[in-house]
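**Q** These protein sequence lines map, in sequence, to chains A and B.
Numbering follows the working numbering, in which position 56 of the first sequence is assigned residue number 56; successive positions increment by one, without gaps.
Numbering follows the working numbering, in which position 320 of the second sequence is assigned residue number 736; successive positions increment by one, without gaps.
Hints are supplied without guarantee of correctness; some may be wrong.
As the list claims (entries may be wrong) - Pairwise CB distance ranges, derived in the manner of DEER restraints:
#1 B/P502 with A/G35: 46 to 56 Å
#2 A/H313 with B/A730: 55 to 65 Å
#3 A/F150 with B/A721: 29 to 39 Å
#4 A/L48 with B/V729: 47 to 57 Å
#5 A/F42 with B/N741: 39 to 49 Å
#6 A/G189 with B/E727: 19 to 29 Å
#7 A/R186 with B/A703: 33 to 43 Å
#8 B/R742 with A/R108: 49 to 59 Å
#9 B/E727 with A/I377: 34 to 44 Å
#10 B/L501 with A/F21: 26 to 36 Å
#11 A/F150 with B/E691: 23 to 33 Å
#12 B/E603 with A/D265: 25 to 35 Å
#13 B/S639 with A/F150: 23 to 33 Å
#14 B/T706 with A/R186: 18 to 28 Å
Please keep in mind that the hints were generated in silico from the structure rather than gathered at the bench.
We put the CB at the ideal spot given by N, CA and C, even for glycine.
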Amino acid sequence: MANHAQTLPAVAAPESFRSWFLNKLRMGMSWQDYGRSLVTPFNIVAGLVLLVGIPVIVERFMYGLGVVTHSSNDYPWGLFLGWGLFGGVPLSATGFVMATAYYIFGFRRYAPMVRIGILTGFLGYLFAVLYLLIDLGRPWRIYFPMTISFGTASVLFLVAWHVALYLTVQLLEFSPAIFEWLNSDRTRGWAKKITIGMTIAGIMLSTLHQSALGAMFLLAPGKVHPLWYSSYLPQLFLASSIYVAMAMVIVVSALAARFLRERCDEVFLGRLDELTIGLGKACAVGMYVYFIMKIISVAHDAEWSLLATPYGHWFLVEVLGFVLLPALVLTFGFKASRVGVVRFGAVLAVIGVLVNRLNVSTVALNYNLPEHLHHIIPPRGELIVVATLTVLHILIFRWIVNRMSVTREDPAFKAH
Amino acid sequence: MADKQISINAGDGEGSGPASQTISRRNFLGGAAVFGGATLAGAPCTAEAASDFEGWPDRFGMLTDLTACVGCRSCERACNAENKLPAPEQPFDDPSVFEQTRRPTSTAYTVVNRYESADGKGGPVYRKLQCNHCNEPACATACPARAYSKTPEGAVAYNEDLCFGCRYCMTACPFNVPAYSYESAFEPKIVKCTFCYPRIKKGLLPACADACPAGALTFGKRSDLIKLARDRIKNAPDRYIDHIYGEREAGGTSWMYLSGVPFGDVGFPTNLPNEPMIEGTKGFLAAVPTVLVVWPALFSMCYSALRHREEAVAKEEEEKDKETNRG
């Protein structure tokens, strides 16, 4: 470890810190080349979305939530939380699942997938917090539950603390990649020392707040449709976050290998298919478990007759079409060693969890209000903000993968 | 019952009620004085009832008699004036508001809705809607910043200074009561009925009850109101459904209702559990400390076992290598 500093390329001995750092930001290109490299069809579309969306976000902060949301008293939460928080957080369990599998349970084969899992998780939580900041009435008071007034009986109090702590944990877990990028050998050493501690902290925080997101709805038994309301909501949310984390890693690593291929090393690309199939297998097992839990949740409250109602049909679409079907697709995929099939199943599984979270937080909530389904259609403002944040999310993810060793190993720093 | 003027309202003189169950203004004041004394004496109830706190003993409530309400909206007008709310778009004597089903908003703490009777024979039924001031409020359970409190007087109070606007209270409220001032960019807040807490503290009636000319609103100690409601049902079984809404729903509410038609017909949620909403999340939160204690031990052990095995395997291979080298 100690002699890496000498083996680093010449870039490490810059004339000035400033020029060295700017060079890092441009990935070693000249300003002109870097500027030219940015003009791509995707970036133009992304730029247009930001051009439309950022003013809408500014508008929200200048004129209040009323200008972008329904500002409904019956429907206090819309797409920002349904998509960004309740949907975003389970999809971001990637860091916790991959780090636990690798560091605690010793799935050493999955080494190339660990960093991309942690980065996906870290950014997912970061954006969940951004969605929350946009949705909160007074976001500048976000620290209130931490320091000013403790609502310890609230599940959201737990979620607030855990998401804040876990965001920090994930930054620390990802920090070795940042220090490698900055050639900061000694600081990286410190960051590596806390890996196991941070991973175990991640297990504690993740199991609790993933399930807590489900437990939040236990406070509204009269308002959530009985098919989705279950005393097992915490367990259901936790179980689905674990399998969807593996599905997410399959999807994100496939996207990285496709669109950021030049940033992936041979180990990553060479092992990708094998690891995708392995993850697909684990994901399928998780989905069968979850599927059975879903059936038990219906059986427990003896709600079979509700399946024959329109809400019941939609429930069946979710459980059969977005849980059982992807599980079967994944099973076929890993049995036949067909990577493409596994990826397709993983995409379905990811969509399925989004559908479930939107169902619990939007479709099933307030089901007994008149004209309910009419009210849950998100207004244009919310859709624009969600599109803007999604584009930003992708851009930042790409920015990091372009620069730091996420899908490749830094030759100067072997082994995770 | 109503013509006996058993209730406290604007037309009811002080202490004019005859029977022992009468809640007169004087009784009410007396109760307040007793309560005040208890507070000064150091709230003995907390010391005695530490294991099973069944709510503040002398908390107030309101009994709303839907069979007496005439839909005049005097309560809305009085509430608006008392709380200095902006003037409504349609004046308070405009009956056209009844064409829609309304709910409390950021500019109206209370609204009265009209429901046509199901069989078309009876006249319309009016229902006043406002915060029910639950015994164990779901909003207070939901709030991560403790902006809500159940006061000993029975009012569920909201403190704007602690609120950061997550609106979980709105999601949690089983009655869909709290409204939010979305239109404000810098000082948005929850808006809901305060039970006229400042007035109660001064020994006055809530403004709506004070204004009601029909005897539909009776203010008093919650325990007394339950007795009163039972008596009314007993004395006029044809007039009332045999149910006091709010006695047990969602753990019991300070505002309770008597009705001549099924409560579900006039917009009351009828699928609420009788236990307070906090019971739904208690079990989950109770498991948290266990996880915080067991997980680190369990997963540290997993890690240690992994290291142990990996080291053993490495050692074995090393020895094998040595042997092959020798051989």
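**Q** Confirm or reject each hint.
**A** Evaluated hints:
1. B/P502 with A/G35: 46 to 56 Å: holds, 54 Å
2. A/H313 with B/A730: 55 to 65 Å: holds, 57 Å
3. A/F150 with B/A721: 29 to 39 Å: Since A/F150 and B/A721 have Cβ atoms about 38 Å apart, the given range 29 to 39 Å holds.
4. A/L48 with B/V729: 47 to 57 Å: holds, 55 Å
5. A/F42 with B/N741: 39 to 49 Å: Violated: the Cβ-Cβ distance is about 56 Å, outside 39 to 49 Å.
6. A/G189 with B/E727: 19 to 29 Å: Since the Cβ atoms of A/G189 and B/E727 sit about 21 Å apart, the hinted range of 19 to 29 Å holds.
7. A/R186 with B/A703: 33 to 43 Å: holds, 41 Å
8. B/R742 with A/R108: 49 to 59 Å: Given about 29 Å between the Cβ atoms, the range is violated.
9. B/E727 with A/I377: 34 to 44 Å: violated, 59 Å
10. B/L501 with A/F21: 26 to 36 Å: violated, 57 Å
11. A/F150 with B/E691: 23 to 33 Å: holds, 24 Å
12. B/E603 with A/D265: 25 to 35 Å: Taking Cβ atoms as reference, B/E603 and A/D265 lie about 53 Å apart, which means the hint is violated.
13. B/S639 with A/F150: 23 to 33 Å: holds, 32 Å
14. B/T706 with A/R186: 18 to 28 Å: violated, 39 Å
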